[in-house]
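Participant: Chains as they are written, first to last, in the working numbering: chain A, 1 to 111; chain B, 1001 to 1260.
Some clues are possibly wrong.
Claimed, not checked - With a Cα cut of at most 30 Å, we get these calculated DSSO-like pairs of lysine-lysine: (1) B:K1031 x A:K33; (2) A:K42 x A:K101; (3) A:K33 x B:K1038; (4) B:K1169 x A:K42; (5) B:K1124 x A:K42; (6) A:K33 x A:K105; (7) B:K1069 x A:K41; (8) A:K41 x B:K1124.
If you're looking for bench data, these hints aren't it; they were derived computationally from the structure.
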Amino acid sequence: QKMASKIRVVLRPVKSIVVRFCPFESNVESTRKFLGYINHKKIQATNRNCEVTADVRHDGSEPLVDVMFADGERLVMKGANLTTIEMLTALGSRCSAKDLKEEQKSKKRSP
Amino acid sequence: APAAKMAALGGGAPWRRGWLPALQLVRRGSKAVTRHWKAMHFQRQKLMAVTEYLRPRPAVPPRCLAPRKEVVEEDNGGVRLLRRQVEEVFRDNRMIAVCQYNSMPGEDVVLMRHYLRKHNIEVKFVLNEIVRPVLSQSKYKNLLPLFVARNILLVSPETKVKEMLRVLKGVPQINLLGACIDDTILSRQGVENFAKLPSLETTQGQTVGALALLPSQTSSLLQRGSAHLAALLDQHIRQLQAGEPGSPADPTPPQSSGDH
Chain A
1 QKMASKIRVV LRPVKSIVVR FCPFESNVES TRKFLGYINH KKIQATNRNC EVTADVRHDG
61 SEPLVDVMFA DGERLVMKGA NLTTIEMLTA LGSRCSAKDL KEEQKSKKRS P
Chain B
1001 APAAKMAALG GGAPWRRGWL PALQLVRRGS KAVTRHWKAM HFQRQKLMAV TEYLRPRPAV
1061 PPRCLAPRKE VVEEDNGGVR LLRRQVEEVF RDNRMIAVCQ YNSMPGEDVV LMRHYLRKHN
1121 IEVKFVLNEI VRPVLSQSKY KNLLPLFVAR NILLVSPETK VKEMLRVLKG VPQINLLGAC
1181 IDDTILSRQG VENFAKLPSL ETTQGQTVGA LALLPSQTSS LLQRGSAHLA ALLDQHIRQL
1241 QAGEPGSPAD PTPPQSSGDH
């Protein structure tokens, strides 16, 4: 059920994504799948500059997704009780909102 | 007229004798099969309405009944073979590393396999549903939570951790989650520490050296007291000789050595 591949995430406004989890815990499934989906060819192709890092720890800390946007905003998602699709849609909605803003700005500048 | 004809016949199917309608309703020549939509004859409409398909439904909706646990005991030959392969892998190799696989371009996979094979490390793609039952029955229960999402196994009969880490650093899409080296489960931190350890020969040499250090000191420790005393007395003699050149040698040194 590759539902999540239908959610298009445009990573253009994103600078970097850090996914932190502890694989020996039991609540990391959605975060790991999220990492897998971000690393897909199509989504990577929308932005080659976006650095996706995976931080694998063993200190019992909860799974975390830290997204840094190009305009300095930061999105922190604690994946312990979130599903993959929720995380993807949240990220996708924010990305598309920022994308629209940038397009409007560029249109205003060059009429 | 039809009623009169029926009465004349006195029973029987009234339409049988080739009765042609007196009034043929052909006014404007619209045939049966038209290019535009034509409404069905009313009788036909009624027939179609009566003979509509009604889906057969169970009396009680299946949600209300207790769920039937369908025991899936298929156990295909293919699945059994894969399980056997996984068990073999766990038995034969000293080092097994579990990594998360995020989709990588094909050439990168081939390159990575090539580099790892140079160090005698094999790359195996595994399916979680096969590995999980094998693990739960073997002693590797703590590796169970690792097998979620797409994984690959890097197996090797030797423990060349440094080279493996170097190759994996060059590939950003594979994340090392943990490893089982010599039946010891290690996290990522553990693997890195293991890589930093010196080789077995150096550690053995270090242990031997540390152990041999103590006995070598024992003899000097035991003799320290008497050697110190002898040195003090020598110095005393020299002082006396220096103070009174020509005076007889003191009988004390042989006495003190006789005491011990």
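Participant: Taking only the CA atoms, is the gap from B:K1069 to A:K41 under or equal to 30 Å?
Facilitator: violated, 39 Å
Participant: Do the alpha carbons of A:K33 and B:K1038 lie within 30 Å of each other, as the hint requires?
Facilitator: violated, 56 Å
Participant: Does the structure keep B:K1169 and A:K42 at a Cα separation of 30 Å or less?
Facilitator: holds, 23 Å
Participant: Is A:K33 close enough to A:K105, meaning Cα to Cα at most 30 Å?
Facilitator: Not OK: A:K33 and A:K105 at ~34 Å, beyond 30 Å, violated.
Participant: Next pair to validate is A:K42 with A:K101; report whether the Cα-Cα distance is within 30 Å.
Facilitator: Distance of about 23 Å is within 30 Å: holds.
Participant: Does A:K41 pair with B:K1124 here, judged by a C-alpha cut-off of 30 Å?
Facilitator: OK: A:K41 and B:K1124 at ~22 Å, within 30 Å.
Participant: Given the hinted pair B:K1124 and A:K42, is their alpha-carbon gap at most 30 Å?
Facilitator: holds, 25 Å
Participant: Taken at face value, is the distance from the CA of A:K33 to the CA of B:K1031 at most 30 Å?
Facilitator: Violated, because 63 Å separates the two Cα atoms, which is more than 30 Å.
Hints 1, 3, 6, 7, counting from the list given before, are not met by this structure.
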